[in-house]
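Undergrad: First to last, the sequence lines map onto chains A and B. Going by our numbering, the residue at position 15 of the first sequence is 15; the numbering climbs one at a time, nothing skipped. Going by our numbering, the residue at position 560 of the second sequence is 560; the numbering climbs one at a time, nothing skipped.
Hints may be right or wrong, so weigh each one.
The calculated lysine to aspartate or glutamate pairs, modelled on EDC-like cross-linking and capped at a C-alpha distance of 16 Å, are [as the list claims (entries may be wrong)]:
1. B/Lys303 to B/Asp69
2. A/Lys265 to A/Glu115
3. B/Lys330 to B/Glu475
4. A/Lys256 to A/Glu115
5. B/Lys835 to B/Glu856
6. B/Lys50 to A/Glu4
7. A/Lys191 to A/Glu4
8. B/Lys835 to B/Asp756
9. A/Lys212 to B/Glu49
10. A/Lys85 to B/Glu49
11. A/Lys85 to B/Asp69
12. B/Lys319 to B/Glu49
A few chain B residues facing chain A, derived, Cβ under 8 Å [stated by the list, open to error]:
13. Glu93
14. Lys95
15. Leu731
Label-pair restraints from in silico Cβ distances [to be verified]:
16. B/Asp196 to A/Gly84: 15 to 21 Å
17. B/Arg838 to A/Asp205: 55 to 61 Å
18. B/Ala441 to A/Ile227: 48 to 54 Å
19. A/Ile227 to B/Gly356: 52 to 58 Å
20. A/Asp47 to B/Glu475: 54 to 60 Å
21. A/Asp141 to B/Glu410: 41 to 47 Å
22. B/Pro188 to A/Pro255: 57 to 63 Å
23. A/Gly52 to B/Glu410: 36 to 42 Å
24. B/Glu447 to A/Val129: 42 to 48 Å
25. A/Ile6 to B/Arg461: 43 to 49 Å
26. B/Arg770 to A/Ile227: 35 to 41 Å
Don't read these hints as lab results, they were simulated from the structure. In this text the structure is predicted, and so the values were computed from the model without any measurement. Ideal Cβ placement from N, Cα and C applies to all residues, glycine included.
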Amino acid sequence: MIGEGIQSTNQRRHSFVEDRVEVGFFTDPTVCIGCKACEVACKEWNDVPDDGYTWTGNSYDNTGHLGASTWRHVLFVEQDQQKGKQVVGTHSLGKDGDDDPFRWIFLSDVCKHCENAGCLEACPTGSIVRTEVGSVLVQNDVCNGCGYCVVSCPFGVIDRRPEPLPDAGGAFKCTFCYDRQKSGLTPACAKVCPTESIVFGRLDDVRALARKRVETLRASGYDDAQIYDPTETSVGGIHALFLLLGEAEAYGLPPKPEIPTIYLKSSWSAAAVAALGAVLAVGAAFAFFA
Amino acid sequence: MPGLGTSFGRGGATTAQQDLANADCILIEGSSMAEAHPVGFRWVMKAKEKGATIIHVDPRFSRTSALADIWVPIRAGTDIAFLGGLVRHVLTEEKFFREYVVHYTNASCILREDFRDTEDNGDAYFSGWNEAERFYDPKTWAYEGEDNLSFPRRDLSLQHPRCVFQKLKRHFSRYTPQMVAKVCGIPPELFLQVADHLTSCSGPEKTAAICYAVGWTQHSKGVQIIRTAAILQLLLGNIGRPGGGILALRGHASIQGSTDIPTLYDILPGYLNMPSASKDEHSLGDHLKKNTKPTGLWANYPKYYISLLKAYYGARATKENDYGYDWMPKITGDHSFFEFLYDMLDGKMEGMLVMGQNPAVGAQNARLERKALARLQWLVVRDLVEVETASFWYDSPEIERGELKTEEIETEVFLFPVAGHAEKEGSFTQTQRLVQWREKAVDPPGESRSESWFMHQLAKRLIAKAHASNDPLDEPLRALDWWYPEDEHGEPKMEAVLAEINGWKISSEPAPNESIFRYGVEAQLDGFNDLKDDGSTACGCWIYSGIFPSDGKNKALARESRDYLGHGWGFAWPADRRIIYNRASAAPDGSPWSERKKLVWWDAPNESWTGYDVPDFQKDKPPNYQPNGHREGLAAQPGDAPFILHEDGLAWLHVPKGLQDGPMPTHFEALESPMHNALYPRDTNPVVDWFTRATNRFAPPNDPRFPYILTTYRLTEHHTAGGMSRFLPHLAELQPEMFVELSRELATELGIKNGDDVCVVNLRAAIGARALVSRRLRPLHFDGRIIHQVAMPFHWGSAGPLRGDVANDLMAISGEPNVTIMETKALVCNIVPGKLPRGPAYLPFLNKYASQAGPENLHPEQPAPGAPEGGKHQSGHGQHGTSE
Numbered sequence: 001m002i003g004e005g006i007q008s009t010n011q012r013r014h015s016f017v018e019d020r021v022e023v024g025f026f027t028d029p030t031v032c033i034g035c036k037a038c039e040v041a042c043k044e045w046n047d048v049p050d051d052g053y054t055w056t057g058n059s060y061d062n063t064g065h066l067g068a069s070t071w072r073h074v075l076f077v078e079q080d081q082q083k084g085k086q087v088v089g090t091h092s093l094g095k096d097g098d099d100d101p102f103r104w105i106f107l108s109d110v111c112k113h114c115e116n117a118g119c120l121e122a123c124p125t126g127s128i129v130r131t132e133v134g135s136v137l138v139q140n141d142v143c144n145g146c147g148y149c150v151v152s153c154p155f156g157v158i159d160r161r162p163e164p165l166p167d168a169g170g171a172f173k174c175t176f177c178y179d180r181q182k183s184g185l186t187p188a189c190a191k192v193c194p195t196e197s198i199v200f201g202r203l204d205d206v207r208a209l210a211r212k213r214v215e216t217l218r219a220s221g222y223d224d225a226q227i228y229d230p231t232e233t234s235v236g237g238i239h240a241l242f243l244l245l246g247e248a249e250a251y252g253l254p255p256k257p258e259i260p261t262i263y264l265k266s267s268w269s270a271a272a273v274a275a276l277g278a279v280l281a282v283g284a285a286f287a288f289f290a
Numbered sequence: 001m002p003g004l005g006t007s008f009g010r011g012g013a014t015t016a017q018q019d020l021a022n023a024d025c026i027l028i029e030g031s032s033m034a035e036a037h038p039v040g041f042r043w044v045m046k047a048k049e050k051g052a053t054i055i056h057v058d059p060r061f062s063r064t065s066a067l068a069d070i071w072v073p074i075r076a077g078t079d080i081a082f083l084g085g086l087v088r089h090v091l092t093e094e095k096f097f098r099e100y101v102v103h104y105t106n107a108s109c110i111l112r113e114d115f116r117d118t119e120d121n122g123d124a125y126f127s128g129w130n131e132a133e134r135f136y137d138p139k140t141w142a143y144e145g146e147d148n149l150s151f152p153r154r155d156l157s158l159q160h161p162r163c164v165f166q167k168l169k170r171h172f173s174r175y176t177p178q179m180v181a182k183v184c185g186i187p188p189e190l191f192l193q194v195a196d197h198l199t200s201c202s203g204p205e206k207t208a209a210i211c212y213a214v215g216w217t218q219h220s221k222g223v224q225i226i227r228t229a230a231i232l233q234l235l236l237g238n239i240g241r242p243g244g245g246i247l248a249l250r251g252h253a254s255i256q257g258s259t260d261i262p263t264l265y266d267i268l269p270g271y272l273n274m275p276s277a278s279k280d281e282h283s284l285g286d287h288l289k290k291n292t293k294p295t296g297l298w299a300n301y302p303k304y305y306i307s308l309l310k311a312y313y314g315a316r317a318t319k320e321n322d323y324g325y326d327w328m329p330k331i332t333g334d335h336s337f338f339e340f341l342y343d344m345l346d347g348k349m350e351g352m353l354v355m356g357q358n359p360a361v362g363a364q365n366a367r368l369e370r371k372a373l374a375r376l377q378w379l380v381v382r383d384l385v386e387v388e389t390a391s392f393w394y395d396s397p398e399i400e401r402g403e404l405k406t407e408e409i410e411t412e413v414f415l416f417p418v419a420g421h422a423e424k425e426g427s428f429t430q431t432q433r434l435v436q437w438r439e440k441a442v443d444p445p446g447e448s449r450s451e452s453w454f455m456h457q458l459a460k461r462l463i464a465k466a467h468a469s470n471d472p473l474d475e476p477l478r479a480l481d482w483w484y485p486e487d488e489h490g491e492p493k494m495e496a497v498l499a500e501i502n503g504w505k506i507s508s509e510p511a512p513n514e515s516i517f518r519y520g521v522e523a524q525l526d527g528f529n530d531l532k533d534d535g536s537t538a539c540g541c542w543i544y545s546g547i548f549p550s551d552g553k554n555k556a557l558a559r560e561s562r563d564y565l566g567h568g569w570g571f572a573w574p575a576d577r578r579i580i581y582n583r584a585s586a587a588p589d590g591s592p593w594s595e596r597k598k599l600v601w602w603d604a605p606n607e608s609w610t611g612y613d614v615p616d617f618q619k620d621k622p623p624n625y626q627p628n629g630h631r632e633g634l635a636a637q638p639g640d641a642p643f644i645l646h647e648d649g650l651a652w653l654h655v656p657k658g659l660q661d662g663p664m665p666t667h668f669e670a671l672e673s674p675m676h677n678a679l680y681p682r683d684t685n686p687v688v689d690w691f692t693r694a695t696n697r698f699a700p701p702n703d704p705r706f707p708y709i710l711t712t713y714r715l716t717e718h719h720t721a722g723g724m725s726r727f728l729p730h731l732a733e734l735q736p737e738m739f740v741e742l743s744r745e746l747a748t749e750l751g752i753k754n755g756d757d758v759c760v761v762n763l764r765a766a767i768g769a770r771a772l773v774s775r776r777l778r779p780l781h782f783d784g785r786i787i788h789q790v791a792m793p794f795h796w797g798s799a800g801p802l803r804g805d806v807a808n809d810l811m812a813i814s815g816e817p818n819v820t821i822m823e824t825k826a827l828v829c830n831i832v833p834g835k836l837p838r839g840p841a842y843l844p845f846l847n848k849y850a851s852q853a854g855p856e857n858l859h860p861e862q863p864a865p866g867a868p869e870g871g872k873h874q875s876g877h878g879q880h881g882t883s884e
């Protein structure tokens, strides 16, 4: 919770790597102030280059989307809806005929570190691995830049870095600050988050925290609060949970993310049927001409 | 700071950011705290988590509004009307905290018979107004009777027709919810919702806090806005109590520090007054007589002053030579920033040192500023990068437009590389008076050096030159006791400076020069109570005394926080008190107002004040103490008078002296406004300094050429004039371009689409920006009339990887009468769709939309050029109400 100082899991030292504890992020937009400190801290710690000075005109979001050089991305979502019981100007005062709600939501997006990771399964070189803490890590010295992972991520997180940026060609994404975690430090984004909108900790703990937070919010008028944690689909759960107000699509998150490999069985079956058909047809042809 | 200073006694935030977590309601106005103070905002979120109601009043739905429970859109520049409406509500609905108000404020004090309020006069003026000279003589604002400030006559029933309470009630009687709607554009039902939250969250069991920043200070009546908030908090009983207070959010890491140990021309460290050249200050005795108050803490003024002179001049300062008072520079007039900007423009200034500032982008009427720089003979700029102030002579809009020609500019620019904050030792004094030491992490690269190195080395060289000359004018330099030990790079040891700031007892033998303690660690003072006026102590800044005491521990470096207020982490002036005036957290009898809100209380068995904070009161003065004939110092104040800096020990709802523009706040329109004043028969603050010039003109009220209100703000992603952010790729990419925010309604009206290029034009300049259209700005409705507001950040300039026009080109120079601050938060403009013409096509464009012809004083209330510029010449800034 906010204000625990060095007692917060975002600040205190840990031994999760050594203890092989599964870790997670819980990102809560109802306390996020859109300061983008997570984006900056991530780039500073991980030496991620800037990727262009482009003003988008899309609210305060000039980052655009996650990618090879953006591992944390704060979304700025403007909606004509009420947030909880928030009173916004002359609107939402409950007067008849003058209900014209508005809300501005900030959400720091990040790699989900899937339980079943599309990128990892697609990687032919073994560059992408699962770490002791359950995160998914790209080893850049092993990556050959084939890009199979890029099309295999159901969230559009991982990408190849374009020229002329440093290390262009290779695939990059959030490392969950694995290097920091090995030293008992928390990921840079969580460490700097001033309002603890990003909470880092044991996966079980952050999942419990997320549930509690949704309950609290729902009890205080946030009827559309829900957890984004797709355990029922083929990704089998994620290590970066989000609290959402409203539908997942508004945040660019697929409501039912699936990894491409689930189609392997059906595509291989189809291929087998086709191959058998071809064999039969060829056989039949020989029989006919024989 | 005079807003807080004259209300409570000290010009600093009354509380700590951590304490916001204890508030039951937080009103944020004149600040986008989440954006400009994101780290401190965690405590607002903590309060919200605990159930507090967060209210944000702002022209723009900002990132702060997004997290608030209630956003109240307000017409920029009408805060006094809004807060005044709340004051009226509290008074007429009897929602004030009576016992607090009766005992701790001057509500009960009887005013002079000849005092006239605006309501008595039926105009916009208090008594004492001098129309010809445009200033107030505050004589009639005082209390009735002899010794009136120290021992006022009081009516604790608050019924006397001339008591402050009745005058205040009458003064604000016309600030009704309907009037608030008419002036601010806030519907009565929204106003009443705010009023209900604030009043239901105040009293013995609950407290509400107010946070503000430059959204209140940068107005032509900024001090009076803060005063209105102070009155409101005093009536609600929210000062000196946990979860209450007024948090002045400062604009930079050490802005509080830069007035404590000032970069201002008219005060000295610890809010002592700079000597003036006026007749009544020719000797030290005269200066002390003028500035010492008979009662309260300021009775000690001579102790603080003489100890400061001893710090400056060491052994050379003796009783016989007035402790070197004659060597001190004397004020001869207004030497504030804008005055010397004009001097520079007029070729009256030869050179300038610029440190930690980028006036070519950050100063108001920045076009004028850049032209003024071109009139200098030499200019020293010390910065991390080559900012516009250093590159104006070859790369500025004026060069591009042909207004300035590089080959004709004689200014010789010396650009010095500087050490960044991790590359030098020192301290920050942040928003809540907390001094935190900063150790050096790495050496600066190459030739980069700290500011302290520069000033130290410059001082050494100047002093050496002075010693080589016989000129008596150089004596003040020769007399300086410049003793600071250096490290191997020639940097002065900053802990030695801190030791001097803390102060020491003077013994005959100074300790060896390598020590950071001049007279040895045991000679260090433990607090300002040890200061003497006989030359036996030296102290660089009395309010910081105790920061580096005789235990030899640098308290600013302490990092072991023991409690929620952060005792054990850094040092908060004065005397590590985190919530000041905390005597008010207990009832007059010394017991806590409530268990829930206890902070400091009287421990009767031990005959001492105790609690969770350091008591801001004489530790052993019982709550029932009466002066009984004591006429001087703190002994003259009773045991239930928590505001010990004031002569009467009370908080001032009505300010009997110390302000230039009235004892109670009155709403005036901004100097440029699309509306006339609905409350008074005068539009603008009568005492304001307009700095009238053809190049610094103001639009008259309701000028059809400039129909929109313009306000400015800071983005989280950038730092003020951009020197520390625009040049850093990881910040630059987050907000790479200048933009102006406008409502959907206005965009539709003007045929502008989101992302279009537009020009923002007013009498001073035209600048280009991208249009950011959203519902975060809303048209305001006034009896059928619709007024649009637009908002703009101000971080860009012509240097560095990002290019953008300078918002401050549009700002006029003006001087709020108490602190000479400019009005940047409410002015007018026009929006012209399309790209701004560059180069020589610019001036014709500007002339087309804002004719540069006509008189210099377009505004009907603006005095003619050369007329007296208001009351500021007649006294200093009165941060503590110390000025006459």
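Undergrad: Could you check the structure against the hints above and give me the numbers of any it violates, in ascending order?
TA: 1, 2, 5, 12, 13, 14, 18, 19, 21 and 22
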